[in-house]
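Let chain A serve as the given structure and place chain B on it in line with the hints.
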Amino acid sequence: MNHWLTTILIFLPVAGALLVAVAPLPRAYLGSLAALVSLVEVGFWITSASRFDFGSPALQLGQNGSWFSDLHVRYHVGQYAFSVWLVGATTVVMAACVIYGWWVGRDRARAYFALMLLLTGAIVGVFAAQDLLLFYAFFEAMLIPLYVLIGVWGGAGRLRGTLMFVIYTVVGSLLMLAAIVVYGLQQGTFDLTRTGTSSSTWLFLGFVVAFAIKSPLFPFHGWMPDAYRESPPEVAAVLSGIVSKAGLYGLLRIVIPKFPSVVHDWRVVLLVLASISLVYGSLLAFRAPDFRGVVLYSSMAQSGLITIGLFANNDLGFDGAVLQIVNHALVSTTLFLLAGMVERRTATGELRLIGGLARGRPALATAIMTIGIISLAVPLSTTFAGEFLILAGAFQQGWGWAVVGAVAIVLAAMYMLRAISGVLHQDVGPAVSDAALDLRVGELAVVVPLLLCLVGLSAWPNLVSHRAFGGGRALVPSGFVSGGSTTFTVSGPSAGWTAYVPPAGSR
Amino acid sequence: MIHKPHVDWLDLAPALSLLAAAGLLLMVAVFTRGGARKSISAFAAFAGFVTAGVFAIVLDDRSRHASVVMRDTLFRDKWAALAQVLLAGCGAVSVLVSFRERWREEHVAEYYALLTAAGAGMMFFVQAASLLTLFLGLEWFSIALYVLSAIDIDLIGSLEAGLKYLIVGSIGSATLLFGSALAYGDTGQLSFDRIAAHGHGHDAMLVVGLAMVIVGLAFKSSAAPFHMWTPDAYQGAPTPVTGFMASATKIAALVVTYRVLAVAFPHDTNLWRYAIAAIACASLAWGNVAAIVQRNVKRILAYSSVSHAGFMLIAVAAANQLGARALQYYLIPYAAMSLGAFAVVAARERELGVPVTLQNLAGLGWERPFFAWSMAAFMFGFLGFPLTGGFIGKFYVFSAAYDHGMWWLIVVGVVATMISAYYYLGIVRAMFFRDAAELQLAPAGGAPAREVLLGAAVAACVVVTVASFFAVQPLIDLARSAGRVLPL
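Chains as they are written, first to last, in the numbering used here: chain A, 1 to 507; chain B, 1 to 488.
Take the hints with a grain of salt, since some may be wrong.
What the hints assert, rightly or not - Where chain A lies over chain B, by a calculated footprint (3+ residues, C-beta under 8 Å): (1) 384 to 393; (2) 398 to 408; (3) 425 to 432; (4) 470 to 477.
To be verified - Some, not all, of what chain B presents toward chain A, calculated at C-beta under 10 Å: (5) 365; (6) 366; (7) 376; (8) 411; (9) 480.
Since the hints were made in silico from the structure, they are not lab data. We put the beta carbon where it would ideally sit given N, CA and C, even for glycine.
Just chain A, same shape as in the assembly (with noise of 0.2 Å):
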């Protein structure tokens, strides 16, 4: 059944998303049905997890069949061992969603609970798919049932955001779509594992500015703030921890392999722009008057700090990038969800009106505590790990990058301390009674396994990224590239690899 795992764990949540949506069940047993889903799909991705021999470089678990055959798009889906974690990612951040939905008990259940679980499946297609018109397919997909999460369940400027979001959001995709339209048809196929590489800067930058709208990366983020204040927690979740990461995985699986010489040329003007995510994003989050705004803009921060990883084009910034890539997915997921548990107590973000809220709330206080010093990267921590990959990874690309991602992480423990203590301690604020309470069972089943997760990807950052392309060492996400540590082998059409791959000693 392995080829079938990858196909089971985009439907089967679709499927769900059917079930909750027709079954003739009460309210109250649509959340938990939804969240049995998501559990469900958790326990399809470790089998596939087990199943995944994380030592080939090749396509894995995967599935082809003709989907139309004229012009040779194809239904072809599989995992590299770098979508594998963050498959995992996503079901793990969803069912976390997922059930905080179901125990904060959001209206219209019937509805919330289907979409969540579209959701589900169109983010996990994004990454499986190795056909690009089926990539643009789900990559879409996921706007459907984000659209209407944010516009029915969201805050009251919800109406702006979700028009910010769409905006800027189709505005990328369509240029994506474009772009692939004519790649595909240049290529004669869409098949990813088949495509040979562009010059074309026109195609590279239909697709960069699609994937940099979704990450987002400066100057790409203006429908960001809106968004993610405007969703519920768990869709800011959602937004922040998976679906931005739909866009690096984009430059990763795309962008990178498919235009390489392009790459090269625009390698500066990327790196540019992702110091200046990373930077001014973690300035902005220094400001920011509420504890979703230093999540989010310290979100945009993290994107920057991956792309930063990415365009480094070596060993190290590849593993760094996808091991903080699961790293933030679930660090930003905890603190949304636990700044919309703040929220709930508070009715309100906003620093100056909160505060003082470890008093008598030792749990919260622990969650934020530990959450918050994870996500500064403190030694020992997984996102140092991820961080210290991508800064050495940058460094060999040259110092000045590795200055900038150094100074930022200086900078995120300035916003981040100062979000815990504008939470957690200083003088009770006013919108803080004291029948607030701390929190619940429900929330803990919610918070505790995503914090263990995170303790324990401490432990074994290598978990992450020495699986992370397959091979031990080897670079490339697909059958381009073979080879092992030492000498890089390069076959097939992607011959340009080579141009910018690193001497194999150079780490």
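Same frame as chain A, but now just chain B:
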């Protein structure tokens, strides 16, 4: 002794079965009354469309080799047959949507008679192989549609719609007729393939004729700048009629446009290709920009249909096999989405008793979840989002344009789609995102009557919209075998 031509009855069967239904319906109008008249006439019309559809399927199956029958006046091939199947589907769904519309009792049977007559005209029109049958078919279904637009005489807008459609449509017909006369005058031929054989490229008279034929057909497909009648006619006409016009008329007009251009004017391909591309760009620009400022949902959908005419004309402008395939494929989800969207509008209209605007769509999402989610599916489909055939349709159209190197048409199409996101998602927003306090609940009377037939029609449209995304291969195979008929 009079020599009569050999009559290919099977080729005529779709049109004739609908004509028979129309005749029967006129009898029904005379011999029945009350509720019986309503049910019997709806059933007869439905049966007529189903029969026509079955005949069209048989015709499709038995027309492996394209041929021209009836003394070079009608085609018998898969290009026409596939369009006929679609037309029959549109007609059948329209009957389901129409059933509970509040027709005046004395008009019920006439309404269905006109609907079937219009259907018959379109069946005939898509087979046209000569300028004469082309004009005959066009007038046949147009006149039926003029009356259908104005049939709800209690509605002021309906009369206005009928009149506007009549006047502007007549200009279109006249233009087509004049163009046909010029083409005939130049070549001395009426049938398309002989015009091609006798015509020469860049012959001034023929080119003027070609231009006028294009304009005449563009009036029918409501492509800008010949769309002036569209918003008013769509808004004023009874909603089931609007749905039928938006889907069936567009199918007929675009399919015939492609055929006439490809078969009769192959010498001037490089001329009409750019003319069509220009019309496509104009439709995309005008339709989308004008739709943004509309508040009435029927007007939004009218402008959306103008913009979709633009998308489908991109496929025509490509003038290649891929384009022919793209057009036939695109029409399938497009017809389903149009019919379905107008059906939902009709349902809301019957519930509220007032024209449907963005304002009073509010709350539909939670009061009538089935209709609202279907409407959302149609809107996402129009927008070209995945999980709907609209996505694949746009993909094919863009591929066809790229295949001929007209990449700038992709750019125009992409920009148009970006703009269209505003109003399509605006409808979704109106249905789902309003606060409960803003909801305008249905007027007194509680839940509306259950509309089983309308619900079935909407469900069928949703199924086609979504299934055409998953089952691309069989549909595209049909479209491919249809497209092969054209000499591209």
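Right, here's what the structure says about each hint:
1. Here's how the stretch 384 to 393 of chain B fares: 5 of its residues keep a CB closer than 8 Å to some CB of chain A, so the rule of at least three is met and the hint holds.
2. Counting residues of the stretch 398 to 408 of chain B whose C-beta sits closer than 8 Å to any C-beta of chain A gives 5, which meets the bar of three, so the coverage hint holds.
3. Proximity of the stretch 425 to 432 of chain B to chain A, defined as three or more residues with a beta carbon under 8 Å from a beta carbon of that chain, is established by the 4 residues found.
4. Residues of the stretch 470 to 477 of chain B with a Cβ under 8 Å from some Cβ of chain A number 3, which satisfies the need for three, so the listed coverage holds.
5. The closest approach between the C-beta of residue 365 (chain B) and any C-beta of chain A is roughly 8 Å, which is under the 10 Å cut-off, so the hint is satisfied.
6. The criterion of a C-beta within 10 Å of any C-beta in chain A is met by residue 366 (chain B), whose closest approach is roughly 7 Å, and the hint holds.
7. Checking residue 376 (chain B) against chain A by beta carbon gives a least distance of about 8 Å; that is within 10 Å, so the hint holds.
8. With its C-beta approaching chain A no nearer than about 7 Å, residue 411 (chain B) sits inside the 10 Å limit, and its interface hint holds.
9. Given hint, residue 480 (chain B) at the interface with chain A, holds; its Cβ is 7 Å from that chain's nearest Cβ, closer than 10 Å.
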